[in-house]
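Let the hints inform the model, and build the full structure from the sequences given.
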Amino acid sequence: MVVFMPNDPKEIDFSPKSSAMKEWKRKYYDKEEPTAATVTKSSGEEVVVSVNDVFAKNITHKKFVLTLIALAFGGGYFARLGVKFGPRECSPDGLFEILGGLMFWASVIGLGVNLVILLASLAKDDFKTKTVLLWMVLHLISLILSFAIFAEFLLDDLFCNGGPNFYVTASPI
Numbered sequence: 039m040v041v042f043m044p045n046d047p048k049e050i051d052f053s054p055k056s057s058a059m060k061e062w063k064r065k066y067y068d069k070e071e072p073t074a075a076t077v078t079k080s081s082g083e084e085v086v087v088s089v090n091d092v093f094a095k096n097i098t099h100k101k102f103v104l105t106l107i108a109l110a111f112g113g114g115y116f117a118r119l120g121v122k123f124g125p126r127e128c129s130p131d132g133l134f135e136i137l138g139g140l141m142f143w144a145s146v147i148g149l150g151v152n153l154v155i156l157l158a159s160l161a162k163d164d165f166k167t168k169t170v171l172l173w174m175v176l177h178l179i180s181l182i183l184s185f186a187i188f189a190e191f192l193l194d195d196l197f198c199n200g201g202p203n204f205y206v207t208a209s210p211i
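In terms of the working numbering, the sequence shown opens at residue 39 and continues consecutively.
Think of the hints as simulated: they come from the structure by calculation, not from any bench.
For lysine-lysine, the following DSBU-like pairs were computed, each having C-alpha atoms within a straight-line distance of at most 30 Å: (1) Lys100 / Lys65; (2) Lys95 / Lys162; (3) Lys166 / Lys65.
Laid out in structure tokens, this is it:
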């Protein structure tokens with residue numbers, strides 16, 4: 039007896055009975071092949087710009103923003119470690135407090151970089167502005183949350199020796 043097996047397994051049609059198998063068929067078996075959008079350069083080579091409408095530049099931007107979010111929370115935590123276990127009072131900061139502050143404030147500067155990327159994405163066809171805006175808002179929310187959690191440690195030395203003072207006197211004495 040010879041059994042005919044098609045080259046493409048999608049040619050086999052089956053109808054599952056259980057709900058679990060129906061879900062599996064819908065999720066894995068009926069899944070469409072990814073569609074790739076390509077652009078031909080002037081040199082004649084084709085470059086893949088997006089796969090299933092996900093652009094490579096957006097993936098890079100997502101990784102950048104996730105790094106900034108990690109810097110915000112990691113920096114806040116390092117500042118916490120530096121304040122809790124480092125030198126007391128208004129003495130010079132320890133290594134963890136310095137690194138934590140640098141990491142957090144670098145993430146704050148990254149918010150401005152995100153704004154520039156958002157404005158640049160408006161003029162690009164291969165860069166989804168909606169996705170950039172979403173990740174920028176998530177970065178802003180994570181900065182606010184991180185600052186709310188670690189503000190005491192990030193601003194620890196701000197009020198050393200009575201805080202910021204302005205001894206500008208106009209008295210004739």
